Every structure is written in structure tokens, then in C-alpha cells.
Amino acid sequence: MPAQAPLLSGRQAGRRHRRADLRTIIFRRCVLAVPVVLGVSLLVFLLAGISPFNPLTAYLGDRYVQASVEQRQQLAEALNLETSWFSAWLQWIGSALTGDLGYSRVFRQPVTAVLSERMPWTLLVAGTGLFLAVVSSLLMAVRCAYRPGGFLDRAVGAGATVLQGLPPFVISLGLLGVFAVAAGWLPGGGLADPGAELSAGQVARHMVLPVLATALSQLPWLVLSLRTSTAGIQASDAVRGARLRGLSERTVVRKHVLPAALAPFIAVLGSRLPEVIVGAVLIETVFSWPGLAAAVVSSAQALDFALLAALTVLTTITVLAASLLADLLYMLLDPRVTADV
Amino acid sequence: MFSSRTSSPATSGPAAASVLRQVVLPERSRAGKRAGALIGAAVLAVIVAYAVFVPLIAGTDQKLTDFSSARLPPSSGHLFGTDHAGRDLFVRLASGLRISLLIAALCAVLAMVLGMLVGAASATLGGRADRSIMRCIDAVNAVPHLLLGVVIVAMFRGSVTAIVASIALTHWTQVARIVRAEVLSLRGLEYVEASYLLGRTRTQVLRRHFLPAALGQGTVATVMLLPHAIWHESTLSFLGLGLSPDRASLGTLLQEAQTEVMLGGWWALAFPALLLVCTTLAIAACGNGLVSTTAGRS
Amino acid sequence: MPEIRGRDLSRLAAAALLLTVAAGCVADPENTGEGAPLVLADANELGRFNPVGGHGDSGQSQIYDGLLRLAPRDGSSSLPDLIPWLATEMPRRNTEGTEWTVRVRDGVEFTDGTVLDAEDVAATYKAVIDPASASELAPSYDMLQDVTAGPDGTVTFTLKYPYSGFASRLLLGIAPSERLMPGLAAESSLNTDPVGTGPYTLASLRPDELVLTANEDYWNGAPEVKTVTIIHVPDDNSRAQRLQTGEIDGTVLPPSLAAAYEDKPGYSQEAVETADWRGLSLPAGNAFASDPQAVLAMNLAVDREAMVDHVLAGRGVPAHTPVAAVYGDAFDPDAVFPFDPEGAKTLLDEAGWVAGEDGKRTRDGVPAAFDLAYNASDTLRRDLSLAFASDMSGIGVDVTLLGTDWNVIEERRRDVGILLGGGDKPYDLDSQLFETLHTAVPGTGSPFANPGNTGSAEIDAHLEAARTSTDPAERTARYLAVQDLYVQQPGYVMLAFINHNYIQREMGWQNIRTVLEPHAHDVGWGFWWSLRDWTRE
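Listed in order, the protein sequences are those of chains A, B and C.
Under this note's numbering, the first residue of the first sequence carries the number 4, and numbering increases by one thereafter.
Under this note's numbering, the first residue of the second sequence carries the number 80, and numbering increases by one thereafter.
Under this note's numbering, the first residue of the third sequence carries the number 175, and numbering increases by one thereafter.
FYI, nobody ran anything at the bench for these hints, they're computed from the structure.
For clarity, every value in this text was computed on a predicted model and none was experimentally measured.
The C-beta atom is built at its ideal place from N, Cα and C for all residues, glycine as well.
Check each hint, because a few of them may be wrong.
[Stated by the list, open to error] Okay, the calculated bits of chain A under chain C, using three or more residues with CB under 8 Å as the criterion:
| id | region |
| --- | --- |
| 1 | 52-63 |
| 2 | 74-80 |
| 3 | 226-240 |
| 4 | 271-278 |
Model the full assembly from the supplied sequences, consistent with the hints where possible.
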């Protein structure tokens, strides 16, 4: 910490330091991101290099069994599969820096086309689902905090505990079974009814189940961590003091408990993002939602390195950015906390 | 990622573990946790006994199929019904659970060893080494676990080693962080200082004082990893990237259940899913009990 | 410190929830009846429309036409005829069978307005055999040396060796030469923007859905079904479910799911016959599995009828040799192995494989056991392997299953049995038999062609003679002789020919025909193979 300028009041100086702190943390994280991204992409190519599997198998599919040794050799040469993993990585990095992410062998399209075609759908479902989970967990936590240990509090706790024991794919299968197969109220997959115009109404109908699945798989963690921190704050001196001053329970919860619980909540939210991505992989698979996450599985199964590397790097950057954002918010909300990085 | 200048209780020590925990249980009183842990342990004992003894008694030969008695609903003869190849699901689920538990335990132990070594070493070395190790841990954490798992398993398909490696390699960082925090809190203590003064090297101190002291926290963190490891295995197998599909595990059974549900065989989904939830919750309850006892000790 | 207003939050959440629920309840516009698009679901990734990359290689493409086309005689139960399509007549061959000449039809236009000529045909086939295009079809066109376009609208194919079944290779769709750029077939723009002479054109392509519209100027008359929508649903269960909810009109399903549509009113179902066999090769490096007596015993101990009934839900035919009944005269109905587990046990006892106390057989301490590998992503192969292993434990043979990837299987092919499939090019018996039964020449051919390297010089001689002979009667006699030799000393355990299962809602279309199918099964086959000919009356 540099010495404070004597002319500024304590408050102003504090703000100025805070801004400097924020700049430092952003700068440092960005610098850190470069080796992480390079390392992750290197790891993908390294794993591919030592993997016993041959991408040619996936490329030829059932025809692999018929290809003779010489034909395979020719194909591998033409597809540039013969280079060592390290030079393949160098080539990939080189062209990625110029904006060319290569060609996806699974989708028979440039990687950039695959990304731009599928990214909006993933963002739509994951974003809406997470938003729904955040809003409803805050609501529930507020209600529960009015009467800790009350019926609602216990019910929410028990429900969330059971729900978090269910992996996203079981939740998705359950929703599919109940709402799409048994009741037939909602479509069970795809972006729009087959043959129908890709309209907002159509997409809205089709995204209900995937969004619900995303929300339900994130909700328990958020609710439970909020309940844990509100319980801690309820017992703090400040809140006890407020109660002693005769403030109403509503005011205590809204003005004292929740704001204090918000900072750790945002930290949890930042740390949940990788799990949201994991959930998206499963949910998009079950609901045949044509997003990026579903492409992860196809590209991994087919050892489609260009797409796989792009997807891995993309998710890594997203996770790093989200954790930076959460940390910045945490710092802004809770003045006691300083950045470690 | 944070240190608090005014020591905020929410971000230091064992409480930080609650953020990292895989399964969060409702906050309870210590006595409540003990009771929860007892119930959890009892449930877990029943589940483990089921997984160990049922295959022993019924035999583990999963090759014997009887396609003529396929897809029978639960009855007194077949408690959990039969699968598409006419195999008894009560027996098959037990052997599947056994494999899943074994894989999870193996992953957890591997993650614990790796995490304890790195965490303790990082805290003992301190300074620049500590900082760069922590940055590496941040880097590993930045990659979504399942994504890395999918990549590893896709490239070494069907091998149990790959599944174990993909889970252990992505989960050790949490153990490492907790152990590091624990060792850091020990570093300034008198008996450690005395050890250094007696001329012990850092390796000796690490072995004699830090590792044994961190064992408790490390074990708790490992127990907390178990549910996630079980999940991870079932998820990979569900995506068709895990075990060989003729070998029963929670994941392969749940994957088969997808078809069965379409054909009306709810039992093929219900029982494995129920068992998955019970196992993870029971382990989490035990872990929570452990946390409260270790917290009480220190 | 920010203040959280509970009421605002409640409102926000309520609005969000209402919005989603309301969106969910918006009435589904009914679009059935006349002129409604036909909606099909397919498991394969959409796109990949480049014929050089393998699209429509058996003439099943809706977008491209081939020089020849299949003409079913009586549905899928017999070998179809080949008839000229973009060719004016059937190809002429020289006496050795190494040069084949075809005249290309005049006056046919591609959907981009250019006129089809011999250059386009030559360019398409040249691209297939060009190593630089890395075509997946190259293995099937191994015999093709060169293609030249003559001045008078003829195309001449020069072969590396005499190949009497070459006409069956002329079904491939033809693309315009100016769109066949040198370079990888996988990166060609034809994958996403196809141009052919076929009855349909691609109207739109999304990752989850594509729309085909009728080519009103189709040279053979515009089809009556005007719009076809194909959606991408990789999961078998989701396809079955969406068929049930009426979202889609038709799809391809695995046998167990298709069986649920048996006798369901309003749906028609077709189990199309194929020459697509499933069977296992036996490891040459295993003492038990390479013992000829043991192989014969295993062939006797396999309950093929039960496999067809239970694993294939009745949708298949037991296979004893790679020759299916669809080959008519060339099929020997007596070349079968009876189901006789007792006889199998006797054979094994005679060969010295004696059962121990636990029922498992050994000879001189060597156990009667081997590993059976199958492609893990194929549930049908998994279940056939399971059923085989179960049958084998009945006679004291211990078969361990190994679900994995082709690469691993290939590496271990000397030591593991492999659950193989065949019938990729069923329209000539040569491609069904030659690779499978001919003894391997080391270092050439596919590692999966006859992995156990079983067979005999006698079988080899018949296969080679049949491949080059120009006389159909002689070929038939040769193939009958091969089957006779095979059942005396089998090299595989053939299990079943599988049917492909297609389900479709009944919509009043007539003139729906199916044809004997190769290994491929998608919505280009089944009912929809004849989509262009469907009529209302």
C-alpha cells in the first residue's frame, strides 16, 4: 500500500486506492490468463498426442474397417494427421492468432462458423437458467431468513439437499419423462417444432425444459450457501443490535442480513460457473439442444482437435472472466476484502 | 483467492471449506451434525454391505443373460426388476455400485495424496514458490472439471485408469488449498519454530509436523470429494465415454435406463438414481460430521 | 451498501416465471393435412452433402443422381436390379472386365442451371480416387485406376484388375465439375451448399434442422412431396419419444424401440432386409479359438434363432455364412449349422477340451477362453456379444467381453475375437465375400478383412474366379461352392443379418417402395428411398 496523500480526506483516498486495487487485479488476472490459456491448449494437443486413438477412426466411421493400410496412410497424410502433437499445436496457435481456428472435421464447417452458429443457443439457455436460479434462490433465502428454523426454512433446506444429490442428467431425464413424455405439455427437444419458423415463441416453448433443468441443478447450491451465510449473519452482533433496537424482522433481513450475505453469494456464483458449463453439456445432450456444449461431446468423441481446442480455450476464458467479475463485485460490495492477486 | 485485512470469519480457516465443498448440507447445530453423521454412516454401511455382499452371494457373472425374461417389473423374484438382457437388477445394481464406489474411492485417495503433498509443500516453502504453486492451482481450477475429464477419457476410451486419472487430476486442488491453509496456520506455532531452531530441515518438519497435522483436514476434504467422484464417473459413463458398456456401474446402468424409460421400465431409472442420491447424501452427512469434530478439536 | 428490495425481486422473479410458463403454453399451431411438410428425424449430423465425402454412395441421395439406380424387384427381400439413370444405357465392358464405358444422358441440368456432361462424371470419380481429397469412399474404389471423359458424351473407367461387379459402383451421386475443387472432400463447400441433378434441393441448413424442397425442373418429373424437413436427433430414445408425441412423421429406430410400434394404429412400420451381417472373427493367436474343431463347436452352440427373436426383437434373419437368402440362386439354403449344444460338447471333448469341476474346459492347462471385442458405441453389437458369451458359458467356454474403440481392437486383433459387421456394398456378392473369406496377403488390404486369416487355397481360387468371370452362371456356381466349403470348416461365427427398422405415421401416400439396403441406415433409406415416386393416389 502506498502512503496516503495528506491533502485528501480518508474517504477519497480510500476510493482512490480501491480503484488502483481494481486496476491491479484486472491487469494481473489478464497477464495470468495468457499462460493458462496456452497451457490448456497445449494440454489438449499433448493428450491427443499420447492418446492411442486415431482420429481417422472417427473420420471414416464404419468404413474404417474396410480401409487398407496404404489407404489409411494416404488419408492421414491428406488430413495432416501425421505431424507431431507439438508442431500441430504450434500450427494451431499460429493460425488461431490470425483469427483462423481451422476446420471442424465433425461438422464439416470452419470452426468459427460452428462457434457463431451454436454459441447464442448455449448462452440463451445457460444464461436464462442461471438467472432464474439466482433470482429464486435470493427470494427463497429472504423468506427463509424471516423465520430461521421455521417450516419453510426446513422444507427448503431438505428439498435443496435432495435436489443437489441428483446429477443434471437425472434431473433432465425426469423433467423429460414427466412434462414431455407422460403429460405431453412441452416439447422434449430441439429449437423449434420441426418445419416451423424459428420464431421467438417457438424457441421460448422449446427452451422451457432445458432452462428449468439448468435452474434446478444450480438452485440447491445457491440456496444452501445463502442459508449458511444468512444464518451466520443472523447471529452477528450487528444484527442482534438491530433487533434490540426494535427494528422489524423484515427491515433486519432486508437492510442488514441480505446485503452482508450478498458478497459471499457472488463468490459462490463465480465458482459455480464451471458447474453450469458441465450442466450445459449434459442438458444439451438430453434435450438435443444445438448448443456449444453438445458440440463438446461430439468433438471429443471424434477427436476433432481444431474444434476441441477452440472449445476448451473458450470455456477456460469464460471461467477466468467470470471469476474475475465475481471477485471485482465481491471487492466492491465488501470493503473489508482486498485482492490477493 | 481472498485474504481479509480485518479477519473476516467467512473467508479463512475451515469455514472456507464450506464454499469448496461439493455437497453442502443444511447448517445445523453441532449435535444435529453428529446425529446426521450417525444416520449417514448407518445408511452408508447398509449401502456398502449391499454392494459387497450381494454380488458375493449371487455371483458376479454378468455374462449369463436370459433374453426371454427381459424387462420384467419388480417382483418378489426380482426385487428391482430385470434389464434388457434379463439380468436381475438387484444383483447388477449391487455390482455396479461396487465398481462405482471403488473408482470413487481410488480417485479420492489419489486426489488426497496429490493434494496433501502439493498443499503442504506449498505452505512449507512459502514465498515465491507458494505463490506460483497457488497460481498453478488457479489455472487447473479454471478448466471446467468435466470438460477436462471428457477430453482425457475420450482420448483413452474405456480404460479405468483414464477415468480414475480424469477425476483425480481435476479434484486434487481443493484438498491442496485446504491443507495449505491448515499448514499456514501451524507455521507460526511454537513447537514448529522450536523444530526449526533444533536444526531440522524443512522436509523433516514437513514430514514430522505438517503432514500429520494436516491429515485430519485432508481426510475431511477427501471424504467431501467422494460424492463428486461418484457423480463424475456416472456422468462420463452416461455420455458413453466411461466404462465398457457391458460392465455395470451406476453410470452405465443410468445410461441403459434411458432406453428402458422409453419402453416403460421406470424401475431401471428409479433404483440406480435413488441409490446414487442416497450414497452421495450419506457420504456428505458423514463428511459434515467429520468437519464439525475436526473443527471442535482445533 | 446496496439494499435489496424483496418486493422488486419478487416481481422480477414472478415476471420471469410467468414469461417462461406463458411461452410454454402458447398453443401449438396444427400443421397437418394437405401440403404439410414431411418431418423426419435422423441420427447423423446434418450437412456433409459432398458425394466425394461419401454422401449417397449407394444412390440414396435426394439431391444427387448417380449413373445407375437401384430398382427393387419385390421389396427388400431380393437383390435389386441396376437400371440406367443418368446413363442412357447399362455400362459396356471389355472382355477382360478392366474397361467400362458409359454414355451420359443429354439435357439434364444441375439445380444451379449448368448442364450435366461427361466431364462432371469423370471429375466426381476422379475426386474420389484422388489421394488429396482424402475421400472416405476411396477404400470402396480400390479397383479404379482412372476415369476419362470421351468427346461423344461417354465416360471410360479403367480398372487396376478385372472386376465383374463394377456396375454396382456406379450408383454414386454426380456433382458439377466446377464445384469439385482440389483439396479435402471434408472441406468442400458442397458439404453445406450441395448442387446436384436430383429430385430435391437444399433450401436451408441449421445444426438441428434442414429443409429439402422439390426440384420442380427434375428431368424425371417433379416429386409430389414438396417439402421434407429433417431434424437432427442423435439419441435413439429421443427420436422414439418425439415420434410418439407426433412431432415427427418418421424415423429410424433400433429393434427394441421399434418393437413398441408393432400394431400401433396410425403408424406403418417396415423392417427392411439387408445383407448386413453381424458375426465374430476368431483370434489367430488364441489356442482355443484357432482350433478348427472348437470353431465348428462354437458354430453349433450358438442359438441364432433366440438371438434374432430376443436381441433383434424378431427383426432379422439367422446368419450361418456371409451369404444371405436375398442373393437368390447364389444362396445355398443347406449351408447351415444346426443348433446342437450337445454335439458341440462332444466335438470339444473329442478335440481334448475337457470340462473341469467348475464346468470350464481346458486342454493341457490351456483354458478354453478368449476375449470378444466390440465397438462400444453400438448397443446392438453389445447385446449380440452378451448373448454369444452366454451361449458359450453353456458349453464351458469362457468369453470375456471388451467394449472399446476400433483402434484398440485393431491393435489386439491377433488376441481378441471381434464382433464384425458387413454388407456395406451388398449389390454384388463379390464385395460381400471376397475380403471376408479370402486369406489375407500380409501388408495389404484392411486389417479387419479376415482378421483370423482363416480360409483355404480352394476358397481363394473360387473367389478369384468369380471376381473376374463374365458368365453369371459360373459366378453363381463358384459362390455355391464357397458356401459348401465354408460350412465344412467355418472361419467365423456368423450370427444374424439385421433388418433396418423404419416407422412412419400414415399420411395416405401411395407407391412407397423399399429396397435391399447396405450397412447404412438413415432417412435416405426405408420408406423415403422412394420419396420421389410417392403419389397421393
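Against the structure, the hints come out as follows:
1. For a cut-off of 8 Å, the count of residues in the region 52-63 of chain A with a CB near a CB of chain C stands at 6, and the three-residue condition holds.
2. For the region 74-80 of chain A, the stated coverage by chain C is satisfied: 4 residues place a CB nearer than 8 Å to a CB of that chain, which reaches the threshold of 3.
3. Coverage of the region 226-240 of chain A by chain C is violated. Counting CB-CB distances below 8 Å, 0 residues qualify, and the rule asks for three or more.
4. Residues of the region 271-278 of chain A lying with their CB closer than 8 Å to a CB of chain C number 0, which falls below the three-residue condition for coverage.
Violation of the numbered hints given earlier is confined to hints 3, 4; the remaining hints are satisfied by the structure.
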